[in-house]
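S.K.: Those protein sequences? They're chains A and B, same order as listed.
Under my numbering, the first residue of the first sequence is numbered -19, with each subsequent residue one higher.
Under my numbering, the first residue of the second sequence is numbered -19, with each subsequent residue one higher.
Treat the hints as calculated values from the structure; they're not laboratory data.
Because the structure is a prediction, the values reported are computed rather than measured.
Please note: incorrect hints may appear among the correct ones.
No copy labels: a pair is met if it fits in one copy or bridges any two.
Distance condition first, Cα-Cα at most 25 Å in a straight line; then the derived PhoX-like pairs of lysine-lysine [to be verified]:
#1 LYS202 <-> LYS120
#2 LYS210 <-> LYS71
#3 LYS170 <-> LYS230
#4 LYS71 <-> LYS49
#5 LYS210 <-> LYS131
#6 LYS(-16) <-> LYS210
#7 LYS176 <-> LYS49
#8 LYS120 <-> LYS70
#9 LYS131 <-> LYS161
#10 LYS230 <-> LYS139
#11 LYS170 <-> LYS131
#12 LYS230 <-> LYS136
Protein chains: 2
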Amino acid sequence: MDKKRPLILVTNDDGITAPGIRSLIEVMNEIGDVVVIAPDSPQSAMGHAITINSTLHCQKVNVDSGPQKEYSCSGTPADCIKLGINEILKKKPDLCVSGVNHGSNASINVIYSGTMSAAIEASIEGVPAIGFSLLDYSWKADFNHIKNYIKEITLKSLKNGIPNGTALNVNFPKLNEKEIKGIKVCNQAKAHWVEKFDKRTNPQGREYYWLTGEFINNDNSKESDEWALKNGYISIVPITYDLTNYSVLKNLQTWNF
Amino acid sequence: MDKKRPLILVTNDDGITAPGIRSLIEVMNEIGDVVVIAPDSPQSAMGHAITINSTLHCQKVNVDSGPQKEYSCSGTPADCIKLGINEILKKKPDLCVSGVNHGSNASINVIYSGTMSAAIEASIEGVPAIGFSLLDYSWKADFNHIKNYIKEITLKSLKNGIPNGTALNVNFPKLNEKEIKGIKVCNQAKAHWVEKFDKRTNPQGREYYWLTGEFINNDNSKESDEWALKNGYISIVPITYDLTNYSVLKNLQTWNF
């Protein structure tokens, strides 16, 4: 870490007024100079969506007190990062943090997550990035007891340097301070959702669906994030944007196209 | 491949009336029993977004003649797959194909792509999947000369079996039939976009932005999809939904949390 304070870009997917991002800003103010560029409304499950067919608005706001600068943006979390790095900020940030998400982004959830798409977008643009999530979906979730861990992980990341092209996916179990056993570096559990569609009829007689689902984890590996979280640990998974499945390349090359 | 005709689920991100999906349906009708479940409007750059905070509509439609069944859906490409596999189809499809996209989904574009998010979603749900894209953004792009390649790749995939948890990302160069040199199995090029924001003022005096950008590829590897496409080949990249960066796990484990 430089002796001067690092420039930290903060975003999330629950919207700029969410309690989770407020807690994250508090911690980051202790570490560096903070600029917040976050969605003006909830953007959960937006995956890596970006806004190309409509326009983006972005305005300076004061959500609460503190030294941070804040901007509210009409786009997705990935838009916020693009706009921040390429338009709003005068220099490249030293770190991007996203969250704290209200709910899990462990295992397959990473792929649907707006929180993590922001962190991944930053890593694509060459900015070290961390996404933080708490396994508590409540708007009133208690983030106080995880602040020390957020600070520790952020300081270690600045000191050691997150490897190039990598974003860290950090998930906290829904436990109180004394119950948390520590931090584990893991891989993404091979779990998935089985969807159920709740079919209804609107007052005009038209059918519609609500998406619901059940989370299924058949991955019992002790190296996985789901195992760590179930056993009282904070999970950290290093995430890449290179989606190539290298393990099957040779197999496919024998197909004789 | 079974002696009976495979059940093939077809979707895209340009919308159910796009010329690209019409060409794909034609080819698939020659191979199997086709059910189309595709967005009712363009959903480009939607990444892996899913619809959880609003409702989904899905209705049977007849876009053009042919034996296929068609459904138009208000959601994202990933929604179409979830709805298809878990609600509309009576049995699990043997294959899911997405596209043909009007424009490139090679290299980093895969991460923003609605076309590929549909294919990846199918692979998560255990259905072999292929996304097809043509490097021609025009609505009037000519898909005729690539139909034979689409058929060949699809038949080989059904015969050999796409490895579990893998979706194929197939991109066609913008070349005529004689110029295409063949098919190459590749990895994702390490390229990225450098964004520029076109800042404007609306008639009411409010500032807004259009996202634009320049594609930057510093990856000269002959194993990459960008190299293949630039040199006249069709590229096939096997894609995984496990985003773990395994190559840095050991490094992170030395951080002593």
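S.K.: Hint by hint, say whether it matches the structure.
M.R.: Hint by hint, here is what the structure shows:
1. Taking CA atoms no more than 25 Å apart as the test, LYS202 paired with LYS120 passes in neither setting, with 31 Å inside one copy and 52 Å between copies.
2. Neither within a single protomer nor between protomers do LYS210 and LYS71 lie at most 25 Å apart by alpha-carbon distance, with minima of 40 Å and 34 Å respectively.
3. In the homo-oligomer, the alpha carbons of LYS170 and LYS230 lie at most 25 Å apart both inside one protomer (22 Å) and across protomers (20 Å), since each shortest distance falls under that limit.
4. Within a single copy, LYS71 and LYS49 get their C-alpha atoms as close as 15 Å, which meets the 25 Å cut-off; across copies the closest is 53 Å, which misses it.
5. Proximity of LYS210 to LYS131 under the C-alpha cut-off of 25 Å is restricted to the intra-copy arrangement: shortest distance 23 Å within a copy versus 46 Å between copies.
6. For the homomeric pair LYS(-16) and LYS210, neither the shortest alpha-carbon distance inside one copy (39 Å) nor that between copies (44 Å) is at most 25 Å.
7. Only between protomers do LYS176 and LYS49 lie at most 25 Å apart by alpha-carbon distance; the minimum there is 22 Å, versus 42 Å within a single protomer.
8. Taking the closest pair of Cα atoms, LYS120 and LYS70 never come within 25 Å of each other, the shortest separation being 35 Å inside a single copy and 41 Å across copies.
9. Taking CA atoms no more than 25 Å apart as the test, LYS131 paired with LYS161 passes inside one copy only; the shortest distance there is 17 Å, against 54 Å between copies.
10. For the homomeric pair LYS230 and LYS139, the shortest alpha-carbon distance between copies (17 Å) is at most 25 Å, but the shortest distance inside one copy (38 Å) is not.
11. When the C-alpha separation of LYS170 and LYS131 is checked against a cutoff of 25 Å, the pair qualifies neither within a copy, at 29 Å, nor between copies, at 31 Å.
12. In this assembly of identical chains, the alpha carbons of LYS230 and LYS136 lie at most 25 Å apart only when taken from different copies (15 Å versus 38 Å within one copy).
In this structure, the hints that do not hold are numbers 1, 2, 6, 8, 11, in rising order.
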